[in-house]
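Visitor: These are the residues of each chain, in order.
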Amino acid sequence: QQQVKQSPQSLIVQKGGISIINCAYENTAFDYFPWYQQFPGKGPALLIAIRPDVSEKKEGRFTISFNKSAKQFSLHIMDSQPGDSATYFCAARKGGSEKLVFGKGTKLTVNP
Amino acid sequence: ETGVTQSPTHLIKTRGQQVTLRCSSQSGHNTVSWYQQALGQGPQFIFQYYREEENGRGNFPPRFSGLQFPNYSSELNVNALELDDSALYLCASSLLAAPGAAKLFFGSGTQLSVL
Chain A
1 QQQVKQSPQS LIVQKGGISI INCAYENTAF DYFPWYQQFP GKGPALLIAI
51 RPDVSEKKEG RFTISFNKSA KQFSLHIMDS QPGDSATYFC AARKGGSEKL
101 VFGKGTKLTV NP
Chain B
1 ETGVTQSPTH LIKTRGQQVT LRCSSQSGHN TVSWYQQALG QGPQFIFQYY
51 REEENGRGNF PPRFSGLQFP NYSSELNVNA LELDDSALYL CASSLLAAPG
101 AAKLFFGSGT QLSVL
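Just so you know, the sequences run in chain order A and B. Just so you know, the working numbering puts 23 at position 23 of the first sequence, and the rest follows in order with no gaps. Just so you know, the working numbering puts 36 at position 36 of the second sequence, and the rest follows in order with no gaps.
The hints are simulated quantities; they were obtained by calculation from the structure and are not laboratory data.
Subject to a maximum C-alpha distance of 30 Å in a straight line, what follows is the list of computed DSSO-like cross-link-like pairs (lysine-lysine):
id, chain 1, residue 1, chain 2, residue 2
1, A, Lys58, B, Lys103
2, A, Lys104, B, Lys13
3, A, Lys57, B, Lys103
4, B, Lys103, A, Lys94
5, B, Lys103, A, Lys5
6, B, Lys103, A, Lys104
7, A, Lys107, A, Lys15
8, A, Lys99, A, Lys42
9, A, Lys42, B, Lys103
10, B, Lys103, A, Lys68
11, A, Lys5, A, Lys57
12, B, Lys103, A, Lys99
13, A, Lys94, A, Lys107
14, A, Lys99, B, Lys13
15, A, Lys57, A, Lys107
16, A, Lys94, A, Lys104
17, A, Lys42, A, Lys5
18, A, Lys68, A, Lys94
19, B, Lys103, A, Lys107
20, A, Lys58, A, Lys5
21, A, Lys42, B, Lys13
22, A, Lys71, B, Lys103
23, A, Lys5, A, Lys71
Chain B extracted, bound-state conformation (with noise of 0.2 Å):
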């Protein structure tokens, strides 16, 4: 197990709702990203976050947005939810000492079903 925890495991939203969906980071991590799985594609980079302010973005839209707690746990917000956003969510938590040297470790992630 890595550590890094995610609520809730399973959810299930319509279109256009809002979802938050929680991650707590690896005891001693700094460094909070989260990814978007798409059934059998690999996980695709949203954004990342450190000391609480983002850290660099994927190619998503604006409704997807974050936070990072000072206890570096994290939140995903996607808003006005669109059938496509069905998807494995997956937050990697890591620990950044040098640029580009850490290593991620994720939780299992929250399965979000958009009908």
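So here's chain A without its partners, still in its complex pose (with noise of 0.2 Å):
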């Protein structure tokens, strides 16, 4: 059973474009909400998470926009840069634990 699903598993945008993931998830007990970014070879680094109080977290090009009635949350990256180039990974933990459940991963492929 995938608890957190993400979308889509691949994605290519231009340079100066706008990247979209998207993540859906069926706890409601979930109540932090982290993405990854990995690069190969290398382990996850936290860029951005939300807790369901807030409907939009911005940090620099990075944004997550939470809607909790729908139980769906998303990572925008502005301006997408072919360093951003690598594979992210939505996440979810429920209150109370230190478990991590993650998306599949969408690998994201920035051209110049």
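Combine the two chains into a complex, taking the hints into account.
Guide: Structure (structure tokens):
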């Protein structure tokens, strides 16, 4: 049973464009939703995270949009750069737990 | 860099063998989590250690075991290796100040191949 569903599996964007990655969850006990960026040969690195009491969080070119009623959240990368080419994972965590449940990942390619 | 170091970086074992993977936490962190990442998949939670005791476990069989030492470093042990154990094993450290509040910092992982 996949608790966090992520789409698309892969994404190709031109430099300067907007990259959008979507995630959906079922468990309403989740109360923390981070996004991780992973480059080949490296571990995931925390990019940005949100809690369900806000609908949007922005850090630089990265924005999380959160829709609690639809149980969906998304990552928007504005002005995408070739250096953003990586695999992105959404994740979720239940309150009181340290266990992160990850989506299957989105491989983003930003063409110059 | 996260300050979380894992060793070895690569390892090749044969089915039925045992393996020990090691992790040094980021300075000041008191919690270590281990994740298994199969090729093309997201990381899956194996277990977490806090103050040298297991503090949560995912859906992994008992042949996956761990230790946390007083200096907060950790080991992951896998007995009776199976082909499906081939994966990237990630260690993540965090500072458990309040339940569910910790940010995880991942190491670069150990790539285990079971032949």
